[in-house]
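*Asks:* Respectively, the protein sequence lines represent chains A and B. Going by my numbering, the first sequence opens with residue 197, and the numbers climb by one from there. Going by my numbering, the second sequence opens with residue 197, and the numbers climb by one from there.
Misleading hints may appear alongside valid ones.
No copy labels: a pair is met if it fits in one copy or bridges any two.
Said to hold, decoys possible - The calculated DSS-like cross-link candidates involving lysine-lysine, where the alpha carbons are at most 25 Å apart (straight line), are:
1) LYS433 <-> LYS590
2) LYS571 <-> LYS749
3) LYS758 <-> LYS590
4) LYS493 <-> LYS433
5) LYS602 <-> LYS763
6) LYS749 <-> LYS702
7) LYS651 <-> LYS571
8) LYS571 <-> LYS630
9) LYS574 <-> LYS590
10) LYS402 <-> LYS480
11) LYS570 <-> LYS630
12) LYS495 <-> LYS433
13) LYS629 <-> LYS443
14) LYS763 <-> LYS346
15) LYS655 <-> LYS571
16) LYS630 <-> LYS655
17) LYS441 <-> LYS574
18) LYS512 <-> LYS495
19) LYS480 <-> LYS763
20) LYS510 <-> LYS495
21) LYS402 <-> LYS590
22) LYS731 <-> LYS590
23) LYS571 <-> LYS337
Keep in mind that the hints were calculated from the coordinates and are not lab data.
2 protein chains.
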Amino acid sequence: MTPQRQSVGRIKTRTAPALNEMPKQAEGPVLKFLPLGGCGEVTRSCYVYEYKDDIVIVDMGLQFPEEDMPGIDYIIPNVEYLIPKRKNIRGVIVTHGHLDHIGAIPHLLEPLGNPVIYTKPLTRGMILKRQEDFRGTPHPKVELVDENTKLKLGCFDVEFFHVNHNIPDSMGVVLRSPAGTVVHTGDWKFDHTPVNERPADVERLKQIGKDNVLLLVADSTGSQSPGKTISESEIQKNLDEIFTKAKGRIIAATFSSLLTRVQQLIWLAEKYDRKVLIEGTSMKQNVQVAQELGYLKIKKGTVIGREDLAHTPKEKIIVVCTGAQGEDRAALMRIANGEHKYLHLENTDSVIFSSSVVPGNEASVQRLKDILYKKAEKIFHSESMDIHASGHAKGDDLKEMIQLIKPKYFIPMHGNYFMLKLHSDLAIDAGIKKENAVIAEDGEIIVMDKNAIRKSGQKAPVNLIMVDGLGVGDVKEVVLRDRQMLAEDGIFVIISVVDSETGKVKGSPDIISRGFVYLRESRDLLSQARHLIRKVIEESTSQMHPINWTFLKDELREELGKFLFRKTERRPMVLPVIIEV
Amino acid sequence: MTPQRQSVGRIKTRTAPALNEMPKQAEGPVLKFLPLGGCGEVTRSCYVYEYKDDIVIVDMGLQFPEEDMPGIDYIIPNVEYLIPKRKNIRGVIVTHGHLDHIGAIPHLLEPLGNPVIYTKPLTRGMILKRQEDFRGTPHPKVELVDENTKLKLGCFDVEFFHVNHNIPDSMGVVLRSPAGTVVHTGDWKFDHTPVNERPADVERLKQIGKDNVLLLVADSTGSQSPGKTISESEIQKNLDEIFTKAKGRIIAATFSSLLTRVQQLIWLAEKYDRKVLIEGTSMKQNVQVAQELGYLKIKKGTVIGREDLAHTPKEKIIVVCTGAQGEDRAALMRIANGEHKYLHLENTDSVIFSSSVVPGNEASVQRLKDILYKKAEKIFHSESMDIHASGHAKGDDLKEMIQLIKPKYFIPMHGNYFMLKLHSDLAIDAGIKKENAVIAEDGEIIVMDKNAIRKSGQKAPVNLIMVDGLGVGDVKEVVLRDRQMLAEDGIFVIISVVDSETGKVKGSPDIISRGFVYLRESRDLLSQARHLIRKVIEESTSQMHPINWTFLKDELREELGKFLFRKTERRPMVLPVIIEV
Chain A
197 MTPQRQSVGR IKTRTAPALN EMPKQAEGPV LKFLPLGGCG EVTRSCYVYE
247 YKDDIVIVDM GLQFPEEDMP GIDYIIPNVE YLIPKRKNIR GVIVTHGHLD
297 HIGAIPHLLE PLGNPVIYTK PLTRGMILKR QEDFRGTPHP KVELVDENTK
347 LKLGCFDVEF FHVNHNIPDS MGVVLRSPAG TVVHTGDWKF DHTPVNERPA
397 DVERLKQIGK DNVLLLVADS TGSQSPGKTI SESEIQKNLD EIFTKAKGRI
447 IAATFSSLLT RVQQLIWLAE KYDRKVLIEG TSMKQNVQVA QELGYLKIKK
497 GTVIGREDLA HTPKEKIIVV CTGAQGEDRA ALMRIANGEH KYLHLENTDS
547 VIFSSSVVPG NEASVQRLKD ILYKKAEKIF HSESMDIHAS GHAKGDDLKE
597 MIQLIKPKYF IPMHGNYFML KLHSDLAIDA GIKKENAVIA EDGEIIVMDK
647 NAIRKSGQKA PVNLIMVDGL GVGDVKEVVL RDRQMLAEDG IFVIISVVDS
697 ETGKVKGSPD IISRGFVYLR ESRDLLSQAR HLIRKVIEES TSQMHPINWT
747 FLKDELREEL GKFLFRKTER RPMVLPVIIE V
Chain B
197 MTPQRQSVGR IKTRTAPALN EMPKQAEGPV LKFLPLGGCG EVTRSCYVYE
247 YKDDIVIVDM GLQFPEEDMP GIDYIIPNVE YLIPKRKNIR GVIVTHGHLD
297 HIGAIPHLLE PLGNPVIYTK PLTRGMILKR QEDFRGTPHP KVELVDENTK
347 LKLGCFDVEF FHVNHNIPDS MGVVLRSPAG TVVHTGDWKF DHTPVNERPA
397 DVERLKQIGK DNVLLLVADS TGSQSPGKTI SESEIQKNLD EIFTKAKGRI
447 IAATFSSLLT RVQQLIWLAE KYDRKVLIEG TSMKQNVQVA QELGYLKIKK
497 GTVIGREDLA HTPKEKIIVV CTGAQGEDRA ALMRIANGEH KYLHLENTDS
547 VIFSSSVVPG NEASVQRLKD ILYKKAEKIF HSESMDIHAS GHAKGDDLKE
597 MIQLIKPKYF IPMHGNYFML KLHSDLAIDA GIKKENAVIA EDGEIIVMDK
647 NAIRKSGQKA PVNLIMVDGL GVGDVKEVVL RDRQMLAEDG IFVIISVVDS
697 ETGKVKGSPD IISRGFVYLR ESRDLLSQAR HLIRKVIEES TSQMHPINWT
747 FLKDELREEL GKFLFRKTER RPMVLPVIIE V
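With the hints as extra help, turn the sequences into a complete structure.
*Replies:* This is the structure we're talking about:
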């Protein structure tokens, strides 16, 4: 078989939402649901609930860039719809501390008038920690809530319920509006035997389900997987087995935000008398926040520093680090390829990948595995052994949630479109009427009252707001397109000094090229190009009085582009510069 | 969970082979094995067998570029080792017609003195078809072989055996040298109930195994998967079920080189009275070659053209097309997003993905699925149903092959390093002595005689030869690095006219920038940059007589780079141009 990768640097088709417009006007006041992110991607969560003059926002997350967005740091939700209505915002509820739920907060608080954030303590810790990198922006006003809190946000009566995920303090939200009750799950799974958190609160969900719920908005990440998500205690058992067998060091990589997994590894370290070295900036930060707030239980002396490595026997060490996605600069890759300051892979090491592979990172992970298999004693990954559980419910659990909550309407969230569609199919299977299961896409405003739910036909702006360095939203399609073109075949800059009287080229035209050909081996090509530049300029200007400089540049771009393609079958970006003297 | 993609445009770490050098000299003549590709990747197959003055090459494949190689078309094996020895090349054996086994032929025939190629008819057809795109290169001399052929290539007595794969005419090779017999599997799987080809020839393998085989070189692609590869007849059954249920058109996407799958779809079309429309350039080409040579059995009237679409009922049509990897320009994506000339997705269509996802393409496939789920009636993919079987043997079958051939030595090929390692572990499990299972990496020369096998410590050059347009090997690391830099933050070209007498800047410096910031919204930044350019030049030149232009340019690059980073936290490539007048 011929494996063929998609080439990089090409604009990928993004789906343009096909809006099933239903122009019928709603009678009386309606409840509106508007996803500004998360309905079309497993990330960038930001959901708006609106009833008359009251708005509640759930989550403000970021999205990491796709492969056709070179140089972009991340993407944040577009809040143009909310800005003119910001006086109506009664609060922002944050369901848990992952970046795809909190990452846009530093950028969005100011334009939205710094609304109060309601969340649990660990999430608050993560929000405030992140805020330290954004000095000069408003300090977030965070109020703590828990499962017993009853909030009044405008016309919304708000309560919270415990859900399992893979970071502590994850919660779901109940929003009671005059139009009816909404249950918003947040990211969740059922874990009846979890680690470091309470089991799924099925009783509470049953109670909520007795309340004639109008709408369930539910996490779709796992909708394409059948069955049930494996329990964290099962994972713990398998990890335990690795600890009993490992002879040298253990190096365990996972997401820095998987604090539940980090806790498991620390407990096992303590059980088997190993010391823990935490590696990777984000891992250190998250562990610090969680430990300070009491969310990580670590015995004194368990965590060691770099300086303790020398006098700790290998078989008494576990390194807990970032880099399970094969990221170049993360700890595991640096350890593997010998670039880490003080940790180098040894042939007695056992390496654990305790995470899934994010779609798009498979090739990087394979590259990392290649290096690891060359040097380490044993490699454990979740394809060969259950040492990672998703934080999201799968098919059977998704159905059970729907059956517990018994909503009239259903909207799937937190998923690619195909996941939303599969989740919607599951909901219909679970008893939701077909016309009551609505797939909303980012920007679509869904309206509902006690009688019906429908797409309003109105759309909020959702064009992508990209963050690149200090720039927020200033990288537009044209900049990205240029980057992609530059990446494909480089650049070819032509500089000619032209006498504006005679139209003659003075001296030899300069050429600067990068990313096109290896210049040292292309002298012939360059000298032919110089010759052509002079010819194009002098032939064009001979009939031109006065000289039309714009036309001349276009002519140069066109002719040089054709010449270079004929010679190389590459299409560098040709940029003509003409200096008139 | 926060999904995080690897950013594009960064040089990925490639593994530097750690050579276990064994400097001991071999006694007497030895057989050498040298992979020039394929031992470190599931692609770019090219294996060299050498005994004294006789060389036989098996396969000459290409590799599709990785994500850090923007603009590159493909990579071919580096044959520097062979060029000075080309008079020794007794022949090139090509095991089957996939591009990763034939794709480098047009580039390598000439430097290697146009050696004779030995292969089977369909493979010859694929080679000659590809050659049509490379006029001006030597015409390949291809001699046909089959399972009964006995060839004498120098000191090598060569025979061939039938293997199953997913293209007809796939074969394995037996090379009898004075040092002993080598069995080279090619790409293979066991299929005891295949479709459109003979079942696995276990008897023949048993016979070969009685012959005291010295070395087995075997396909490692499936080594990380346990069990056995599912039979094509099983796939056929599942596809059949889809045909019985589909109410509208069927659109089936697969690799254009999966001719076995194409045959299955055509037979099913004939069984259920559907007409077949073939879409996608490479699919059309491959079908044409295979049909002309009698490898695709198609009844007259089964395949229709574009002009027949209008008068064929939807439920009587199947489109067989390329694009199962989510490739932007392939047929399925164009059909899905409405860019295809005459095929548009309809809500009664059933779409079949009959292929695996090549690592690295997962995100593209998800994007494609998003579009399809929005419009098509039913989507079938191999995660939800067995409608694709790999062309490669899995764990149990790999072991069985080793037990049938009973070689003394074992070298895994055709795999990433980690696959080679896992295959080597399987071989040791299957009875190969640990010291006799050797993992060769591209470029490593392995030597063996009847007594021992070892790494010679010698290494053939294997730096990547990249093909980009008409250039072969001219894109070096520096060009790629520039492309990656350009992709990240773009380019910033500064053009200043400087009076060489006074060192003063004449007029306003010109700035050309692409891929950095959106220029229309960055007037302030540009005017500050112009100001800084003038300042840097005039301050530097004020003390310089004569002006050191190189120093001045470096100064400009440095100062402007710092300025732009401070303002934007981006690092565009800064290119200063100074025109002296």
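*Asks:* Decide, hint by hint, whether the structure agrees.
*Replies:* Do the hints match the structure? See the list:
no., hint, result
1, LYS433 <-> LYS590, "within (21 Å within a copy, 28 Å between copies)"
2, LYS571 <-> LYS749, "neither (56 Å within a copy, 45 Å between copies)"
3, LYS758 <-> LYS590, "neither (54 Å within a copy, 50 Å between copies)"
4, LYS493 <-> LYS433, "within (19 Å within a copy, 54 Å between copies)"
5, LYS602 <-> LYS763, "neither (67 Å within a copy, 53 Å between copies)"
6, LYS749 <-> LYS702, "both (16 Å within a copy, 21 Å between copies)"
7, LYS651 <-> LYS571, "between (56 Å within a copy, 18 Å between copies)"
8, LYS571 <-> LYS630, "between (55 Å within a copy, 17 Å between copies)"
9, LYS574 <-> LYS590, "between (30 Å within a copy, 21 Å between copies)"
10, LYS402 <-> LYS480, "neither (39 Å within a copy, 58 Å between copies)"
11, LYS570 <-> LYS630, "between (54 Å within a copy, 16 Å between copies)"
12, LYS495 <-> LYS433, "within (21 Å within a copy, 58 Å between copies)"
13, LYS629 <-> LYS443, "between (57 Å within a copy, 24 Å between copies)"
14, LYS763 <-> LYS346, "neither (72 Å within a copy, 45 Å between copies)"
15, LYS655 <-> LYS571, "between (54 Å within a copy, 20 Å between copies)"
16, LYS630 <-> LYS655, "within (23 Å within a copy, 65 Å between copies)"
17, LYS441 <-> LYS574, "within (10 Å within a copy, 47 Å between copies)"
18, LYS512 <-> LYS495, "within (15 Å within a copy, 69 Å between copies)"
19, LYS480 <-> LYS763, "neither (53 Å within a copy, 29 Å between copies)"
20, LYS510 <-> LYS495, "within (20 Å within a copy, 68 Å between copies)"
21, LYS402 <-> LYS590, "within (19 Å within a copy, 46 Å between copies)"
22, LYS731 <-> LYS590, "neither (67 Å within a copy, 63 Å between copies)"
23, LYS571 <-> LYS337, "neither (49 Å within a copy, 44 Å between copies)"
Hint compliance for this structure: hints 2, 3, 5, 10, 14, 19, 22 and 23 are broken, all remaining hints hold.
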